[in-house]
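There are 4 protein chains.
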Amino acid sequence: MPSLQAQLNLACQSIQHAIGVGKVADYIPALARVPADKFGAAIVTVSGEKAFFGDAREPFSIQSISKVFAITAALNRFEQQIWERVGHEPSGNAFNSIVQLEKEHGIPRNPFINARALVVTDALLEGQTTTDCSNQMLELVQLLADDDTIAVDNEVAQSERDTSHRNAGLAHFMRSFGRIENSISDVLDVYCRQCAIAMSCEQLARSTLYLANNGTDPITETHIVNEERGRRINAMMMLCGHYDASGDFAHRVGLPGKSGVGGGIVVVVPDVAAVAVWAPRLNANGNSHAGTAALEALVRATKWNVL
Amino acid sequence: MPSLQAQLNLACQSIQHAIGVGKVADYIPALARVPADKFGAAIVTVSGEKAFFGDAREPFSIQSISKVFAITAALNRFEQQIWERVGHEPSGNAFNSIVQLEKEHGIPRNPFINARALVVTDALLEGQTTTDCSNQMLELVQLLADDDTIAVDNEVAQSERDTSHRNAGLAHFMRSFGRIENSISDVLDVYCRQCAIAMSCEQLARSTLYLANNGTDPITETHIVNEERGRRINAMMMLCGHYDASGDFAHRVGLPGKSGVGGGIVVVVPDVAAVAVWAPRLNANGNSHAGTAALEALVRATKWNVL
Amino acid sequence: MPSLQAQLNLACQSIQHAIGVGKVADYIPALARVPADKFGAAIVTVSGEKAFFGDAREPFSIQSISKVFAITAALNRFEQQIWERVGHEPSGNAFNSIVQLEKEHGIPRNPFINARALVVTDALLEGQTTTDCSNQMLELVQLLADDDTIAVDNEVAQSERDTSHRNAGLAHFMRSFGRIENSISDVLDVYCRQCAIAMSCEQLARSTLYLANNGTDPITETHIVNEERGRRINAMMMLCGHYDASGDFAHRVGLPGKSGVGGGIVVVVPDVAAVAVWAPRLNANGNSHAGTAALEALVRATKWNVL
Amino acid sequence: MPSLQAQLNLACQSIQHAIGVGKVADYIPALARVPADKFGAAIVTVSGEKAFFGDAREPFSIQSISKVFAITAALNRFEQQIWERVGHEPSGNAFNSIVQLEKEHGIPRNPFINARALVVTDALLEGQTTTDCSNQMLELVQLLADDDTIAVDNEVAQSERDTSHRNAGLAHFMRSFGRIENSISDVLDVYCRQCAIAMSCEQLARSTLYLANNGTDPITETHIVNEERGRRINAMMMLCGHYDASGDFAHRVGLPGKSGVGGGIVVVVPDVAAVAVWAPRLNANGNSHAGTAALEALVRATKWNVL
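Protein chains in written order, with my numbering: chain A, 1 to 307; chain B, 308 to 614; chain C, 615 to 921; chain D, 922 to 1228.
These are calculated hints, taken from the structure and not from any lab test. Computed from a predicted model, the values in this text were never measured in an experiment. Positions of the beta carbon are idealized from the N, C-alpha and C atoms, including for glycine. It is possible that part of the hints are untrue.
Claimed, not checked - A few chain C residues facing chain B, derived, Cβ under 8 Å:
hint, residue
1, R671
2, Q742
3, T745
4, M852
5, A864
6, P870
7, T916
8, V920
9, L921
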């Protein structure tokens, strides 16, 4: 059997033609400026083996991937109650008519997921300042990645905050229904800082390894979440992790994962590894075009798919 | 034929049993405190004749009735262009999925109309401060009512502003679609002050007399809007003036009118008069229960209905 | 003052350039074949005076205008109960998500109104055969127009029936919610025959004269509906008579009316007259382009508008 | 390690208290009559080992589980083109406003999935009679289960057909948008017969074993679908297999599966086995209450979950 590194090399080389396809997110200048043809990939296995390709150590904006960390923090703090606030189905929830509103105007990102993420942020803010809440989130990510150099990209955070009208609309609506308790401005501050955390493929893969190991970091043996909560997060990633293309991703890659508009995708291979890829150009559904292709190729070679 | 005053007396006396029916708006304390059994009515004819009943000279919060004055100001300033921003149909517009969202949560007020009003306010703010914009609106109302004692109820304005999450949600959504240009906070400040203008039935009837006279105040002969715009405002009041009960109102009263959650209703009798009523208890659709009944009785007696 | 005929001539001549604008309904061949540049107009006053212009005596397919006759029949048979089945507001009803579905696919006709019309037809079918029910409707129209030569265009009826998938969808949905009681096939048979009644402008104006006269035919003195029901029908026409352009029509024409995709429009001038126009080319909202223009010109000259 | 049979026994015994919870589907008499406290379970492994519990050999109505077989047939006949007709995402498709309509009326079954299934049936009908099409479907199921005693329950089929107003509404709507090509009556005939196929847990588990073995029946070595299509079907079951509770099922059971309102559920354990359970009482989402509990218990013991 070829080595892990060889398999990663082969998979990534086979999809280099895909790197030039798609469009970089340009709703804020700080994202639009990212060189469009960057490409990185990293594997970290539960036994600690690593493999890298291309720009695997260059940090980028994790954006919606941060929702995995936020729900991890919220599950530990609020247990089952967080689901009563948030829900965990791919459709049929209380906010789907806002989804429709969005769709009518052609916005590619699923605001239901944003709506959920804002409620999670609101829950995490309970009883503390925005600074403390943001710091806690960053510290959790540093702990998970076992790397305290990870930081927030302040320019991205500010830029997101300045243009967060859609999220502000969602948050005010939910506030008027009593589903948001803190000030909207505070919720948006924390949420935009969380999305603006910058991480490399290596750090991302490392930081989600606990989800491949029943909730416990297999390297440091730190208990992050219990097995039951780990399964819940994996199920959520499988069913809702890729905006309106979650079904397509489940078919092509067959692994729980989460993508962000910064061009990153992280997937969990239960009992085996975590894999992160980065390629800034997005397909029509807002997922990294070359990143998805690389994961598909890797999974074909390794037979890591669970579906 | 009985005198105008006699007709008003008869109509109002015949519906006194209706005054105790319904529920006062209680979403802000300043409205909830209004004595529930107040009842006033006033007629002002195009020839200057007046008739009053009950609490006809006591000011109350005009709320959504202010939208008639805002659209009057916007029509004069922006002419046809305001319709491109706002639309004028009772249904089938770009924001109806927000309407649905609202309906699913059982909110009785039609936010589509609020969405429209916020865009009008945004247009009026163009090139001026919130203070100047609010003052202009108040001065317009004073001019229309020929009464410079009319004022904003600051407690109501502040209270509305503090609880305006739903309107903030609408405004942020519209901003994210590029339909609002000013800061949301400024738009809400001006909008809440406009809704909090306090007027009596006498002042309200007097202030809408221009709509019964092809756009010109028949007493002072001040030209307010041209005939074409006056017809447009009357058509809008006929089709959309009473939330989800506009069809019912058109059948029972048969006149263009506008209601507010403060319990006021004003109707225009083309070429004849303007009539205002006030009774704080609202029916399930958010319109004054006794007020509607009084107008229905008056119209049956006077044959003023146009339908 | 110019004679009625002179006023009609002037109004119609002033809009002849509009006859070539718009698109004839072509969803069935029998409608698509109608010469696109036909134009007719007819006035019948409550005192029996008549005026004609152009193709005023040529029959055309009345289509949705038939809903005025159906609701007249239903009101007389079921009184208030029909509103419990049908509703009478321009928006905010149980079927608005079907409306939205339709809109997303760009269909110009408001199916809510179709949904309502199908329920009315279902009610009228109660206790009789489709043939008897269709005959009753035709006899009512003949009585109203005082003209027993009026007939159903069988080719149009059959063609409508063959392509009535959308209406079948609406009817089956309503049946699944228990709102339709007869067989869907029977309801569609009767409905399609009703829409295929062929009438001239003269016959149409004559047949709605009772709505200008408190529910009683002013020529034959036949009592058709009571005053209260006549007001209800007029209010419904004012608020919902012209699909998604009812607000625009109320502004431009200022009279209760009903249009059909056959290019006909009938309006009621309370206490004065009924007016029918016919021009097959439709605007984007499915209303006769030249017909609306002619009514607008006539109303400007006669000051017949009530708004 | 305990034997397969011992593990199944333990899992099923541990949830016997759950058998009495929930409500049997009663929209047709033939389903309502099924004894509510039936309970069966069957495992068939890729190596041919079998285990049974309770009423594992008693046939019941498979209902929506039949969609797995229909999509299998359609994939083989139309390849990729079937997805262009049908779509494969858990949300965000052209028919979601019908979903909403349904939800507003509290119907527990997700009609989007029905809408999709009707389009699949329409495709399968292409070029053949309803009898041939129904027979082909039954023959496919007999082949998959390696058991030619499997039959349609004609009483259930007729009963479904007689009450299929909602599906008729969906089909007519789709026909009006050009998405259904055959007669609605034919589509509903075939669809209702397919849902009325009666199978036991043993037959169901056996018939889906190809999905646990990359598309090939591991016992007979019959090639059913290629690996790529097998993954697609598994992904669809994982994301959409359990109405509005697919997220909950993914978390609790962590396997691709499909449930039916007859109380059956089948799940695929990739490379290992297929499992079917049957317990007629349904939870609020329309899935078998005790069946889900049994699968959850079995998966906890066997560690068969992939998430």
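Hints, one by one, checked against the model:
1. Because the closest C-beta pair between C/R671 and chain B is about 30 Å apart, greater than 8 Å, the hint is violated.
2. For C/Q742, the shortest C-beta to C-beta distance to chain B is roughly 29 Å, which exceeds 8 Å, and the interface hint is violated.
3. Annotation: C/T745 was flagged as interfacial toward chain B, and the flag is violated, the nearest CB pair being 34 Å apart, outside 8 Å.
4. Given hint, C/M852 at the interface with chain B, holds; its Cβ is 6 Å from that chain's nearest Cβ, closer than 8 Å.
5. Taking 8 Å as the C-beta contact cut-off toward chain B, the hint placing C/A864 at the interface holds, the least distance being around 4 Å.
6. Hint status for C/P870: holds, given a least beta-carbon distance of 6 Å to chain B, under 8 Å.
7. For C/T916, the interface hint is violated, the least distance from its beta-carbon to any beta-carbon of chain B being 14 Å, above 8 Å.
8. Given hint, C/V920 at the interface with chain B, holds; its Cβ is 4 Å from that chain's nearest Cβ, closer than 8 Å.
9. Annotation: interface hint on C/L921 holds; nearest CB of chain B at approximately 4 Å, less than 8 Å.
Hints 1, 2, 3, 7 from the earlier list are contradicted by this structure; the remaining hints agree with it.
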